[in-house]
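Enquirer: Just so you know, the protein sequences line up as chains A, B and C, in that order. Here the first sequence is numbered in my numbering, starting from 1 and rising by one per residue. Here the second sequence is numbered in my numbering, starting from 1 and rising by one per residue. Here the third sequence is numbered in my numbering, starting from 1 and rising by one per residue.
Hints in this document: simulated from the structure, not taken from any laboratory. Beta carbons are placed, not taken as given, at the ideal position from N, Cα and C, and that holds for glycine. Accuracy of the hints is not assured; some may be wrong.
Some chain B residues close to chain C (C-beta under 8 angstroms, calculated; not the full set) [stated by the list, open to error]:
#1 VAL25
#2 ILE98
#3 ALA99
#4 ALA102
#5 PRO171
#6 GLY193
#7 VAL199
#8 GLY202
#9 ILE206
#10 VAL377
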Amino acid sequence: MKQPILDVTGLTMDFGGIRALNSLDLDVHSGEIVALIGPNGAGKTTFFNCITGIYMPTAGDILLTPADGSKKISIKGLKPNQVTEKGLARTFQNIRLFPKMTVLENVMIGRHCRSKAFIFGAILRTAATRREEQDILEMSYSILEKVGLAQFANEFADNLPYGAQRRLEIARALATEPLLLLLDEPAAGMNPQETMELDQLIKQISDEGQAILLIEHDMQLVMSLSDRIFVMDYGKKIAQGTPTEIRKNPTVIKAYLGEEVDA
Amino acid sequence: MVSLKELKNGFFISLWFVFLTFPIVVIKADPIQRTVIWRWHNALYMAIGTFCVYLLFKYFQYRKEHQVNRNDDQEQTVSLIHRILQKPLQRNIFIGVIAAFAVVFPHLFSTYQTNVMTTALMYVVLGLGLNIVVGLAGLLDLGFVAFYAVGAYTYALLNLNFGLGFWQILPLGGLIAASFGLLLGFPVLRLRGDYLAIVTLGFGEIIRLILENWGEFTQGPSGISNISRPGFFGMEFSLEQSILYTYYLMILLVIVTIFVVNRLQDSRLGRAWIALREDEIACQAMGIDKRKTKLVAFSLGAFWAGIVGVMFAAKTTFVNPASFTFLESAIILSIVVLGGMGSIIGVVLGALILILMPEYLRALSEYRMLAFGGILVCMMIFRPQGLFANIRRTYKFEKQPTAILPEK
Amino acid sequence: MLQIFFYAGMDYFIELFFSGLTRGSIYALIALGYTMVYGIIGLINFAHGEIYMIGAFTAFIVATVLSIYGFPLIAIVVIAGVAAVIWSASYGYTIEKIAYKPLRHAPRLSPLISAIGMSIFLQNYVLLAQTSDFLPFPTLIPDFDFMEPVAHIVGSTELVILVTTMVVMILLTVGIKFTRIGKAMRATAQDRVMATLVGINVNNVISVTFIVGSGLAALGGLLIASHIGQINFYIGFIAGIKAFTAAVLGGIGSIPGAVLGSFVLGLTESFATGYVSSDYEDVFAFSLLVLILIFKPSGLLGKATNQKV
Numbered sequence: 001m002k003q004p005i006l007d008v009t010g011l012t013m014d015f016g017g018i019r020a021l022n023s024l025d026l027d028v029h030s031g032e033i034v035a036l037i038g039p040n041g042a043g044k045t046t047f048f049n050c051i052t053g054i055y056m057p058t059a060g061d062i063l064l065t066p067a068d069g070s071k072k073i074s075i076k077g078l079k080p081n082q083v084t085e086k087g088l089a090r091t092f093q094n095i096r097l098f099p100k101m102t103v104l105e106n107v108m109i110g111r112h113c114r115s116k117a118f119i120f121g122a123i124l125r126t127a128a129t130r131r132e133e134q135d136i137l138e139m140s141y142s143i144l145e146k147v148g149l150a151q152f153a154n155e156f157a158d159n160l161p162y163g164a165q166r167r168l169e170i171a172r173a174l175a176t177e178p179l180l181l182l183l184d185e186p187a188a189g190m191n192p193q194e195t196m197e198l199d200q201l202i203k204q205i206s207d208e209g210q211a212i213l214l215i216e217h218d219m220q221l222v223m224s225l226s227d228r229i230f231v232m233d234y235g236k237k238i239a240q241g242t243p244t245e246i247r248k249n250p251t252v253i254k255a256y257l258g259e260e261v262d263a
Numbered sequence: 001m002v003s004l005k006e007l008k009n010g011f012f013i014s015l016w017f018v019f020l021t022f023p024i025v026v027i028k029a030d031p032i033q034r035t036v037i038w039r040w041h042n043a044l045y046m047a048i049g050t051f052c053v054y055l056l057f058k059y060f061q062y063r064k065e066h067q068v069n070r071n072d073d074q075e076q077t078v079s080l081i082h083r084i085l086q087k088p089l090q091r092n093i094f095i096g097v098i099a100a101f102a103v104v105f106p107h108l109f110s111t112y113q114t115n116v117m118t119t120a121l122m123y124v125v126l127g128l129g130l131n132i133v134v135g136l137a138g139l140l141d142l143g144f145v146a147f148y149a150v151g152a153y154t155y156a157l158l159n160l161n162f163g164l165g166f167w168q169i170l171p172l173g174g175l176i177a178a179s180f181g182l183l184l185g186f187p188v189l190r191l192r193g194d195y196l197a198i199v200t201l202g203f204g205e206i207i208r209l210i211l212e213n214w215g216e217f218t219q220g221p222s223g224i225s226n227i228s229r230p231g232f233f234g235m236e237f238s239l240e241q242s243i244l245y246t247y248y249l250m251i252l253l254v255i256v257t258i259f260v261v262n263r264l265q266d267s268r269l270g271r272a273w274i275a276l277r278e279d280e281i282a283c284q285a286m287g288i289d290k291r292k293t294k295l296v297a298f299s300l301g302a303f304w305a306g307i308v309g310v311m312f313a314a315k316t317t318f319v320n321p322a323s324f325t326f327l328e329s330a331i332i333l334s335i336v337v338l339g340g341m342g343s344i345i346g347v348v349l350g351a352l353i354l355i356l357m358p359e360y361l362r363a364l365s366e367y368r369m370l371a372f373g374g375i376l377v378c379m380m381i382f383r384p385q386g387l388f389a390n391i392r393r394t395y396k397f398e399k400q401p402t403a404i405l406p407e408k
Numbered sequence: 001m002l003q004i005f006f007y008a009g010m011d012y013f014i015e016l017f018f019s020g021l022t023r024g025s026i027y028a029l030i031a032l033g034y035t036m037v038y039g040i041i042g043l044i045n046f047a048h049g050e051i052y053m054i055g056a057f058t059a060f061i062v063a064t065v066l067s068i069y070g071f072p073l074i075a076i077v078v079i080a081g082v083a084a085v086i087w088s089a090s091y092g093y094t095i096e097k098i099a100y101k102p103l104r105h106a107p108r109l110s111p112l113i114s115a116i117g118m119s120i121f122l123q124n125y126v127l128l129a130q131t132s133d134f135l136p137f138p139t140l141i142p143d144f145d146f147m148e149p150v151a152h153i154v155g156s157t158e159l160v161i162l163v164t165t166m167v168v169m170i171l172l173t174v175g176i177k178f179t180r181i182g183k184a185m186r187a188t189a190q191d192r193v194m195a196t197l198v199g200i201n202v203n204n205v206i207s208v209t210f211i212v213g214s215g216l217a218a219l220g221g222l223l224i225a226s227h228i229g230q231i232n233f234y235i236g237f238i239a240g241i242k243a244f245t246a247a248v249l250g251g252i253g254s255i256p257g258a259v260l261g262s263f264v265l266g267l268t269e270s271f272a273t274g275y276v277s278s279d280y281e282d283v284f285a286f287s288l289l290v291l292i293l294i295f296k297p298s299g300l301l302g303k304a305t306n307q308k309v
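Excised from the complex, chain A in its bound form (with noise of 0.2 angstroms):
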């Protein structure tokens, strides 16, 4: 059994005298879709926010199996740019793209931690320099390529629309070479072409090998997609199974709807 790339356990946050996360535990296995689910509230994006370096984690602890399988290193306390170097990349509930930036520059940006030039080399130009900006060049096109914006190549990314925004984002998260990508309500927003148009990026994504973990609302899509779900509900985890499995768990059909449904 191949050791998971992410593997979180007892995974505790407490805000004051709030405690936002309860021992969590969750894994994801290479070429794996994991979704997070539950009401809202539960703490899926604070989840996120912990495993990001956003926060610092009250307990638990966050290993992360680098793609060589050497050893696990933990990145719990890591800050975020240090976490995204490690491998793991994320888009945000709310978008956060660079607007004033190209769409192609903002998946450049994505090149960053992947790359090396500083002060001198930008200065210099040497040929090292303009080798690897060509790279990050052709990398970050033949990405927009794959999820389908290579036309808006030069647009600003603020004058995209909604669903190409959201798009763009996962681009840019996948420019850094991520061993874990992680999207946070992707199809927030969308209109049922969008989110098919979606579920199929998604699965093309993960079809050539990028574990995914996402949070997501969506049933549809979360069942389309996903091989396993965990499921959270005030800060703890109260299942996690296959979609079937899940489906049928009266826990998590209590936790939705607030009481068990005559079948």
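Mind docking chains B and C on chain A? Use the hints.
Expert: Chains B and C alone, transformed into the frame defined by chain A:
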């Protein structure tokens, strides 16, 4: 075209302004001579002036509303200059003309004019330096003048106490200023926009006050004089020749600065700065170390200010703390704001306009600072992107075999 | 010998203490404007120091004119005071409408830069319309007889300043707490959108905030000008920075914080300059400002706010 309602509004607004400005503009009281002068004509000017400004404002508003309806594709309005710059042939001709003019300038105009132009060029470099901090990285630094002062005083003190020459101090001044930039940068890393602005303002004032009060070290308010002018392999220059020499040195510095800033803008570092400016949280989430990025912005900006400081000390041969007030920082900020944050062309033009115009409009020179203040307010309200909004680099793509050519 | 030294020390201490309280009072009158505006629209009103300066100038002009025409002292004080408040409040109101209201939805830096521009504009406006000289300000507050025994420690002017500030503080606190407009101001400061939704005219509330803040600053300008005896177009800058330091020290956005911060700053400044050195007085204030913003930006009474991701 102008409705009755608008005329009525204009009338009442000008009445309000006459009331508002009445004590200060109309009355001139002298407690010693025990006289009062009533400058009624000012009230009239106020009324007429406000009325006209109001109508003008309404007119521009009207035009803007009707333009938005016609112009759906706002991206088409790339300015003339940018279009020239994008075509290689036109660009080279443009640069050639400018270069020729710059070289010939001192021989066409008087020594005094050359001196003025040199000052303007110094502000160009200062503006470009601040542009890195404010325009690219989005860090509102109101104490930029501190680094300028550090550069100037480094040269002045080392020249005074150890007799070191211009060329030796030039890089040193820049480096020392850059380290002050780091010094300022560290504590403000966590600060948000307006707090950052105030802290940098405080820093700038603290530096000036120390320069003013630490007399034993800095000679205090009287300043340091008789600083050596820049030399050329030990040659001695007359005053006129020296001014000429300084002018050409500044031209060189401007060229180098534009070159460097241009390279930085389109590099990995430049993109990181803009990402930092646009969204600090997303920027970090994408793997950019915001602390390092901010610190580099501060120190690079400070470096240029330091270099110009050394030049300033060498040009005027005299430095004192009064040259490095908050007002200077505000002027440099005006240049960046007017020109367009992040735009090199904009900053260059902004500096030339703001520094040269007062010289050529001598009659109105006492309104200079008033105009600065007004420009800042108006630019923010009417054209916050500045004269030249920054154009991002576009790329041309050829299908196979994956050859991507950057197009300027 | 030792006894005389002790009494002299004690006298000096008390003198510095009251001097500090006086400074603190003036800072408080100005700081309140900063803190109220920041609490309501999140803007550091850079031009607020200039409002204070304009208040002082208006009082100067009115008082000088009236005294030349032979009005009695009481009338001069009252009319000049009222005039200063009315005109400063008008300037505050107008500035908000011209330079800040259009930028209410712009990114944070825009109104700040606009405020800086306004500050420079106003300074030079007064400079051009009046003069760059230091103008002698008439002593509007006579020496009271009952103050005679302690006159070498506490002056009559200082007493008036302290009493005025106390009265104003009380009125303001009562007003904010119990009047309808005060409640509207508190609501708008907490959540502007929600305030609109419950029917509060947010534009009016903001205008009132500026008007009240400016009026207080004008009062401060009048009092300090009378105390120091001279004014100049540049006094707004330094006083503004110091009052802002006081507001931040106490916790920007908090009215009791502004008052507390002002007295702390005033007293510390007074003792520092009295016992240590008076040259570095301004450096002290600036350094304090820098240190607070770096280490405890929420100030003494403020709350640290978290940014939502």
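Enquirer: Hint by hint, say whether it matches the structure.
Expert: So, going through the hints one by one against the coordinates:
Hint status for VAL25 (chain B) relative to chain C: holds, with the closest Cβ pair at about 5 angstroms, below 8 angstroms. Hint status for ILE98 (chain B) relative to chain C: violated, with the closest Cβ pair at about 30 angstroms, above 8 angstroms. With its C-beta approaching chain C no nearer than about 34 angstroms, ALA99 (chain B) sits outside the 8 angstroms limit, and its interface hint is violated. The interface hint given for ALA102 (chain B) is violated, since its Cβ lies 31 angstroms from the closest Cβ of chain C, which is over the 8 angstroms cut-off.
A least Cβ separation of about 29 angstroms between PRO171 (chain B) and chain C goes past the 8 angstroms threshold, and the interface hint is therefore violated. Annotation: GLY193 (chain B) was flagged as interfacial toward chain C, and the flag holds, the nearest CB pair being 5 angstroms apart, inside 8 angstroms. With a cut of 8 angstroms, the hint placing VAL199 (chain B) at the interface with chain C holds, because the nearest CB-to-CB distance is about 5 angstroms. At about 4 angstroms, the closest approach between the beta carbon of GLY202 (chain B) and any beta carbon in chain C falls short of 8 angstroms, and the interface hint on this residue holds.
Taking 8 angstroms as the C-beta cut-off, the interface hint given for ILE206 (chain B) holds, the closest approach to chain C being about 5 angstroms. For the restraint placing VAL377 (chain B) at the interface with chain C, the shortest Cβ-Cβ distance is roughly 4 angstroms, inside the 8 angstroms limit, so the hint holds.
The structure shown violates the earlier hints numbered 2, 3, 4 and 5.
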